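For the record, the sequence lines run as chains A, B, C and D.
To convert, take the position in the first sequence, counting from 1, and add 10; that gives my numbering.
To convert, take the position in the second sequence, counting from 1, and add 10; that gives my numbering.
To convert, take the position in the third sequence, counting from 1, and add 4; that gives my numbering.
To convert, take the position in the fourth sequence, counting from 1, and add 4; that gives my numbering.
Keep in mind that the hints were calculated from the coordinates and are not lab data.
Quick caveat: nothing in here was measured; it's all calculated off a predicted structure.
Possibly wrong hints are sitting among the right ones.
The calculated SDA-like cross-link candidates involving lysine to any residue, where the alpha carbons are at most 20 Å apart (straight line), are [claimed, not checked]:
hint, chain 1, residue 1, chain 2, residue 2
1, B, Lys18, C, Ala250
2, B, Lys18, B, Gly253
3, B, Lys54, C, Val251
4, B, Lys54, C, Glu305
5, A, Lys18, D, Arg12
6, A, Lys54, D, Arg282
7, B, Lys54, B, Gly82
Covered by chain B, according to a simulated footprint, are these stretches of chain A (three or more residues, beta-carbon under 8 Å) [to be verified]:
hint, segment
8, 42 to 53
9, 262 to 275
Short derived list, chain C residues pointing at chain D, Cβ under 7 Å [what the hints assert, rightly or not]:
hint, residue
10, Phe199
11, Pro202
12, Ser204
13, Asp207
Beta carbons: idealized from backbone N, C-alpha and C, even for Gly.
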Amino acid sequence: MPRLSYRKALNRALADELARDEEVFLLGEDIRVAASNVTAGLLKRFGPERVRDTPLSEQAFTSFATGAALAGARPVVEFQIPSLLFLVFEQIVNHAHKFPLMTGGQCAVPVTYLVPGSGSRTGWAGQHSDHPYSLFAHVGVTTVVPATPADAYGLLVSAIRCDDPVVVFAPAGAMEVRSDVDVASLRPVPLGRGRVHRRGDDVTVVAVGHLVHDALAVADDLADQVSVEVFDPRTLYPFDWDGLLTSVSRTGRLVVVDDSNRSCGIGAEVIASVVERVRLHAPPRRVTRPDGAVLPFAPALDRAVQPGREQLRSAIQHLMKDG
Amino acid sequence: MPRLSYRKALNRALADELARDEEVFLLGEDIRVAASNVTAGLLKRFGPERVRDTPLSEQAFTSFATGAALAGARPVVEFQIPSLLFLVFEQIVNHAHKFPLMTGGQCAVPVTYLVPGSGSRTGWAGQHSDHPYSLFAHVGVTTVVPATPADAYGLLVSAIRCDDPVVVFAPAGAMEVRSDVDVASLRPVPLGRGRVHRRGDDVTVVAVGHLVHDALAVADDLADQVSVEVFDPRTLYPFDWDGLLTSVSRTGRLVVVDDSNRSCGIGAEVIASVVERVRLHAPPRRVTRPDGAVLPFAPALDRAVQPGREQLRSAIQHLMKDG
Amino acid sequence: MTEADPVRLYRTVRLIRRFEERAIDLVRSGHVVGGIHPYLGQEGVAAGVCAALRPGDVVAGTHRGHGHVLAKGADPARTMAELCGRVTGLNRGRGGSMHAADFAVGVLGANAIVGAGGAIVTGAVWARRRRGEDLVGVSFLGDGAVNEGMLLEAFNLAALWRVPVLFVCENNGYATTMPVAGAVAGSITGRAEAFGIPASVVDGQDPEAVRAATAAAVGRMRAGGGPEFIEARTYRFDAHHTFEHAVRLDYRPPEEVARGRSRDPVEIAGSRLAPDRRAEVDASVEAELDAVVAFALAGPEPDPAGALEHLYASGLTARAGGG
Amino acid sequence: MTEADPVRLYRTVRLIRRFEERAIDLVRSGHVVGGIHPYLGQEGVAAGVCAALRPGDVVAGTHRGHGHVLAKGADPARTMAELCGRVTGLNRGRGGSMHAADFAVGVLGANAIVGAGGAIVTGAVWARRRRGEDLVGVSFLGDGAVNEGMLLEAFNLAALWRVPVLFVCENNGYATTMPVAGAVAGSITGRAEAFGIPASVVDGQDPEAVRAATAAAVGRMRAGGGPEFIEARTYRFDAHHTFEHAVRLDYRPPEEVARGRSRDPVEIAGSRLAPDRRAEVDASVEAELDAVVAFALAGPEPDPAGALEHLYASGLTARAGGG
Ligand SMILES: Cc1ncc(C[n+]2csc(CCOP(=O)(O)OP(=O)(O)O)c2C)c(N)n1
Ligand SMILES: Cc1ncc(C[n+]2csc(CCOP(=O)(O)OP(=O)(O)O)c2C)c(N)n1
Ligand SMILES: [Mg+2]
Ligand SMILES: [Mg+2]
């Protein structure tokens, strides 16, 4: 079976949707020459009207996409840096997200915002290393963080077909993942549906994005001590509460590992939503970035601020001692 | 004793700090004529260099404040609408917040962002009714939501004196609150310190901003059934975990009422941080805006989306039944 | 109509005038909650511009938006019902004054964020033209908006991609209380010219002059030209917002107000009609507005149970905020 | 120096050139993690501009920032140490290439967000002048930045408030891979002129021409003038970023690159020195850079335990992210 890379999976999803639906088009900086690689080959195949390279005017091109979507198009907007989402936060949250309700249902805003390489790309330092998915989960914009090539393909396709705005974070830590995938078997993956990557009985580990791979590694490492279930929500908003509750109701224990800041992050939401409905055997735990994290440049500092396998392992072990 | 209004308390805090420290100055739209009233009389007293009316250029004047702060000034930036914080999210989060760490401690950015009338002002509809304090708690910018006139005064003063950026939300629902205060007794209120407004034994209600007053009313109403402690965090980031844990450890029960969206809101954070450390008698509950809330215009719809007394009452009653 | 039609033009101007006056009455009587930004004095701009448009053209309005909505052809009765928050309103009561939209007649919506409409209408026009539709767009904006970076970015996109959007700046001398001279370095038309956008100044109090200037610009755009810019010099006769009826803000010298009011678009357009023809129009407008108000007040208020209807076009249901 | 000083100017140009070449070596050897945006070819701009400044003046740089930092007088050894992420670096290893800052010599920092520096330096200059200091500021920016709304807003504030900031646009023909003609409607100087800011074009490859133009502009500013704008026409000799050394991006015709490289600021400045004087300078620069690299590599790497040091200037300690 061919090895499909995560990056190539995103590229294929874009190509397939551009081919399938004339209303899909891409907007972004340097997408012509595919500086991020996810748009490689698309200009040649689909032409400059549908692969539109933009001036550095993130606010305008984000709202341009909103307007195009109001007129029935399905724009995909690529951002080179996760923090550019801060720059267009108003345009997404205050306009794209609000138009359907404010107009009383007169319109839809099917825009996809794609961030290839979110989170830390080692050495890119403070302003290029954010992982702001929890912000979008808070405001209620559909938020997707695929962990594997097949999910990257399937979730990006579903995002493009969704009638609402969707932000797709492709974590830098997952971009180089490759897996054996029968390319013909690639399918849309429904938004809002999680995935159990590994069955286990003692504890449910909710892992987001690239951390799914870390969670699986830790689970394997600990296999002789504890039976770990790894739950990948895939979509952070809307969250697959049913899927998660099924898992946690069985295991009775919960750890969340997520690469966003601790306070008001998706880790907090997962814990709150679970304890509102399930009595756990032991207090739940989170492994996250610290509160207010800014990633320092020096690689060892950068790593120290991100959640790691050691922390996850220790969280699981402590939790098993607690009850 | 004179009745001090919340609005006047903010005005007095600004005046006192302008008088105390030459480096304090105000920036904002229409602050000259005090359209929001909180700057009333300040132009006359301090002149146009220190009460600077700005063109509609929120991004530039927010970063202008960052620059002034880097140079040792202490700007206070007023925003007319809560969602303007979306428009300057990049400028606050990616610059003001990050400069101290990124420069290795070469600078401080003591800017105060003040939003008089955050949350719903009935009839202002979708783009003017946000209450985005949880976003700032997530990114780790000091976030303050005073409930009373004395706290409005004391927290705004402390915000201005703080060496880090601070966002001060003055909820629309609190702006008209008046209380009997000896004006001479007004003092700075430390950031990061909560306040127990009402002692109780059975359940701790964490209430944010204007909802403190609703929580107190509900607590009084239910006084014959349940003994409710009302905890007002005052600062959402950094949160007074010690203060809250002291309360919850005693009551063993927790309800949070907060006017932000449910997912990844401060309500989630409070629940998560408590259950990580305290075993509760009953599952905790939150009363919040719904996920992804956009406030519809019609007053009855607008109210339906905001957390209310009925919901809080019912949450407390259900919780007492649960354990 | 690209031909002059003095009767129709007068009727539109008069209709907007009386609509606004009736709306202010309804603000006073408490039927319009939250107040409005009256368009009084500026009617000639919306009327003149829209007289030169076709039904298939699209416009994006502002917070001071009723004039644009009516002039483009929205039903006044459903517009007033929207202001009153009724299910019979354009937006089913979800939008209110600042978000009134009617996609069926090409009104993409009033918009409560200054400067936000430009990029949205640019994207909408571009997307529909790509599909082969022959249309142009209009972005209405205030003098305050030309200081907003997002709008300036939109000028660049529209010019670069030659999207036929007419930017109409209604220079009424003030952004809330801020005079143009205190806010705009350079000139208003110079802002557009910097992007290579042809710009002209027109007497905004003369609806026919506005119509003629628009027809010329739109003619060039339909013939394949790129964006155009018109600065319409006008004057706001009333308050920035009806809240100003209660709070006295001191920023316009009385002589200036008197001078501004002396050039009334209703009189200017009306003077071009024979007195009896004019009286006929006035009577018909009056009769229509009686019906408009009756319709608006007869409409049912929306059911709070449906407060979040239309939040997601995809059919997603938001999780409730209750306890 | 406002007088020409060909030796000093040549030395600065040569120092930046060799600094960058050595930095690229350190990228290749893995000592500089994350790569750099090389300033090769543009040295004449930073050198010429800063030659006309005083120590007390302030500058804000860009992502392509080493040249600005060095030309303004930061220690090359500590700058290189910063690139290598050492505690001996300007930012104690917390900033890296894109955030190198040295407040002691008036470098407010390179900045990874295009267009962000303008408003910051405007605020800093304003605040210090209010305190009676006699200084001017420089905001370096790329041709891509003139399409960013936040920068255009900053032009307006600086012009309106007559803050003496010199905006220096280094037009190297491209924003990453996007040519100026594909991104800038109108002209670059026209963007500034629209705000009433005097703008001129200078040959950026001739350091002395840049110095002279800067001296003239800065002279007007010190004499009480408002902001000024210089477009320095230059050429980037190397990759947009060193990642381009690995990924071939096809956007500059080879003939254009050859033509661009044929006007080398090092040669232009060097040709004005007697050959032996030039050789002396070259030798001194080489000796200095050997020491610089040795210093940089000898510096200790920061302790991961202090990853969040300097996050809050107020002394607040962030809650950890561990489990
Ligand atoms: C981006 C933004 N900033 C501030 C406001 C608050 N606000 C609403 S209307 C207004 C004045 C707008 O002035 P102008 O563009 O001249 O339009 P006018 O009100 O004169 O019609 C302001 C500041 C806003 N709605 N959006
Ligand atoms: C606001 C913003 N948008 C996009 C980027 C990604 N980016 C980094 S450098 C760059 C090109 C900048 O071009 P220009 O301003 O001409 O400077 P140059 O790189 O040519 O020196 C881009 C797009 C960014 N850092 N910030
Ligand atoms: Mg105006
Ligand atoms: Mg460039």
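Evaluated hints:
{"no.": "1", "hint": "B/Lys18 - C/Ala250", "in the structure": "holds, 18 Å"}
{"no.": "2", "hint": "B/Lys18 - B/Gly253", "in the structure": "violated, 29 Å"}
{"no.": "3", "hint": "B/Lys54 - C/Val251", "in the structure": "holds, 18 Å"}
{"no.": "4", "hint": "B/Lys54 - C/Glu305", "in the structure": "violated, 46 Å"}
{"no.": "5", "hint": "A/Lys18 - D/Arg12", "in the structure": "violated, 51 Å"}
{"no.": "6", "hint": "A/Lys54 - D/Arg282", "in the structure": "violated, 49 Å"}
{"no.": "7", "hint": "B/Lys54 - B/Gly82", "in the structure": "violated, 24 Å"}
{"no.": "8", "hint": "42 to 53", "in the structure": "violated (count 0)"}
{"no.": "9", "hint": "262 to 275", "in the structure": "holds (count 5)"}
{"no.": "10", "hint": "Phe199", "in the structure": "holds, 4 Å"}
{"no.": "11", "hint": "Pro202", "in the structure": "violated, 12 Å"}
{"no.": "12", "hint": "Ser204", "in the structure": "violated, 16 Å"}
{"no.": "13", "hint": "Asp207", "in the structure": "violated, 23 Å"}
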